[in-house]
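Chemist: Dock chain B against the given chain A, drawing on the hints supplied.
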Amino acid sequence: MTEKPVKSEEMTPEAASALEREIILHSGDPDYVLPGGRTVREAREAQAEKDAEDRKEAAEFWERSVKANTSQVETVAVRPSPAGGLTSSPAAVKPAETEGATGQGESTAMATLLPDGFPHRELLAGAGFNSVEKVGAAADEELIAVDGLAGARVKEIRAALKKLR
Amino acid sequence: MYQLLEDLQVLYSAAPESAVNTPATTTAGFKTGLFNSFMPPIPRPDKLKSPEIGSGTEWGRKGRVGYWPPMDIPISGWLNTEFAAVLAARCWGGTVTDELVATGVYDHTVALQTKAQGNVPKLTTILPLLGGYDFLHASCAVVEFSIEFGGNEPPRWSATLRNTGYSWKRAQDLTPAVVPPSVADYHYVHPAGVSALYNDGSLKDLAADARLISGRCGLNNGDILVKPLPKDPFRVTGDRSSGAYARFITRGKRNFVPTLKGYMDETLAEWTSARDNTDVTALTYLFSGDPITGSYNHEFEVKYPLSTMMVDGDTEDRNAAITLSYDTDRSDASGGIAVLRVRNGSATLV
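If you read the protein sequences in the order shown, they are chains A and B.
Residues in the first sequence are numbered consecutively from 0, following numbering that gives the first Met the number 0.
Residues in the second sequence are numbered consecutively from 0, following numbering that gives the first Met the number 0.
For reference, chain A alone in the conformation it holds in the complex:
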């Protein structure tokens, strides 16, 4: 049996051009009925809706691209002055505790950067785990998934984290 030709709902560029010409010609009359049965107003609204969908898709593509390409986040953190004067170890500076803070995800408290000498610091930072809080909040599977880290290295990281806390 021969299938009947089916037109997709998308309009071809030529049809879109012809329609747009009609819309421009009758732009002063939003209730004018265009070929196809829609009014100028309805056609404009449909186009605005399509443009909004396209912009959303383009924005999502951009977001995915930014996420996929963020290999390291260099936080230029303004470190708070510790009480009692200067200290040589940034790990001694603890973020302010806020009620309900779980240490998971993005915290409103100041993040504690991983100190120099922390095991596999560069690899962790490259994958976005650049603070004591983020490493502590990450599950073992998330850390193992970082390029260059395996089970034994994750154990070293956990041990170093315990010493800091």
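Any given hint might turn out to be false.
Reference listing, derived: stretches of chain B covered by chain A, where coverage requires no fewer than 3 residues with Cβ under 8 Å from a Cβ of chain A [to be verified]: (1) 115-127; (2) 227-233; (3) 236-249; (4) 286-292.
Cut-off 27 Å, straight-line C-alpha distance, at most; resulting in silico cross-link-like pairs (DSSO-like, lysine-lysine) [what the hints assert, rightly or not]: (5) K66(A) / K114(B); (6) K48(B) / K61(B); (7) K168(B) / K48(B); (8) K226(B) / K168(B); (9) K49(A) / K252(B); (10) K61(B) / K226(B); (11) K114(B) / K49(A); (12) K55(A) / K226(B); (13) K66(A) / K168(B); (14) K66(A) / K226(B); (15) K55(A) / K48(B); (16) K55(A) / K61(B); (17) K230(B) / K66(A); (18) K30(B) / K168(B); (19) K114(B) / K55(A); (20) K226(B) / K252(B).
No wet-lab data here; the hints were simulated from the structure.
Beta carbons are placed, not taken as given, at the ideal position from N, Cα and C, and that holds for glycine.
Modeler: Below, chain B alone, put in the same frame as chain A:
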């Protein structure tokens, strides 16, 4: 061990990349392409040479690895409704409208990428496989896609691809290994299966009048800009000495000057249209290829909705000829300067 160039296989991503620098890396993500000419480049990073003086010697210090620069990859072949159609569609970059024309026959009309759809072009992963040469070129944008015809050779397509610089990954490092898919049937265009029409007040068909000699059509995406920026990713995550690669890639203003060359006739009607700056509508290059089914053939069509014509004198063998160049730098409302249509036996063109 030597590598015979003819053994080269080239895989391309079956779908455009979903984000910049996210290449296809599995067998299922690739198709195998056929082509006639491909110059596989070898990626190498830029070196940053220290310009300082004061060491007491006339020679510089060891250079550091800077950026992996974008690769420019030219590729071409006989016009077909498979690999060539995919690259053309990604060059145009806009919405693809798939239409069932008859059983097993589909038209795919491709619009230009619109303002709302942004200016990041559709990106393709290219993976050549030839022994030691197996560099995966991620995020290749089509800078220009063009078709030339004339003489007794089939019409030929050419494309230039430019990527972000992500070209250093080797297929031999992919796990599981990519197994080249078998090549689909390719459908080509006979040199006599070409027509070029335009309307400058009345329909003109130089081929029907036995005057059409040759021509060129296509689309150029302007300068594909690949810009290095702070916080760009590094080849080895976190290792600045391994070199960085860009994540910013955008197209420019679309443009193209399609041309036709034909034998001159005594009326020189073309010159009159050019003199009067007459609007030329529906300049259409139609390439009819192998049959699909019944009276339907594989087709590749490029249409320029609105342009004006310029005429230059030329020669062909012992006869007078003219070259028609079309100024397409005007758009027909939302049609843009060019519309692509491919007819083949596949339900979608991605």
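Chemist: Measure nothing beyond the straight line between the CA atoms of K55(A) and K48(B); if it is 27 Å or shorter, mark the hint as holding.
Modeler: violated, 43 Å
Chemist: Need the status of pair K168(B), K48(B): alpha-carbon distance at most 27 Å?
Modeler: holds, 25 Å
Chemist: Just to make sure I understand the rule, a stretch counts as covered if three or more of its residues have a C-beta closer than 8 Å to a C-beta of the chain. Does the region 286-292 of chain B meet that for chain A?
Modeler: Our answer is that it is violated, as 0 residues pass the Cβ test (under 8 Å) against chain A, missing three.
Chemist: Check the hint pairing K66(A) with K168(B) against an upper bound of 27 Å on the C-alpha distance.
Modeler: holds, 20 Å
Chemist: Hinted pair, alpha-carbon criterion (27 Å max): K61(B), K226(B). Please report holds or violated.
Modeler: Distance ~25 Å between K61(B) and K226(B) Cα, so the pair holds.
Chemist: Please work out if K226(B) and K168(B) have their alpha carbons no farther apart than 27 Å.
Modeler: holds, 20 Å
Chemist: Holds or violated: K226(B) with K252(B), Cα cutoff 27 Å?
Modeler: Status holds; Cα separation ~17 Å.
Chemist: Are the Cα atoms of K230(B) and K66(A) separated by 27 Å or less?
Modeler: holds, 12 Å
Chemist: Could you grab the alpha-carbon distance between K30(B) and K168(B) and see if it respects the 27 Å cut-off?
Modeler: Measuring from Cα to Cα gives roughly 19 Å; hence the hint holds.
Chemist: Taking 8 Å as the C-beta cutoff, is the stated coverage of the region 227-233 of chain B by chain A satisfied by three or more residues?
Modeler: holds (count 4)
Chemist: Does the alpha-carbon distance linking K66(A) and K114(B) stay inside the 27 Å limit?
Modeler: Roughly 23 Å between the alpha carbons, so the hint for K66(A) and K114(B) holds.
Chemist: Counting residues of the region 115-127 of chain B that have a beta-carbon nearer than 8 Å to any beta-carbon of chain A, does the count reach 3?
Modeler: holds (count 4)
Violated hints for the displayed structure, listed by number in ascending order: 4, 15 and 16.
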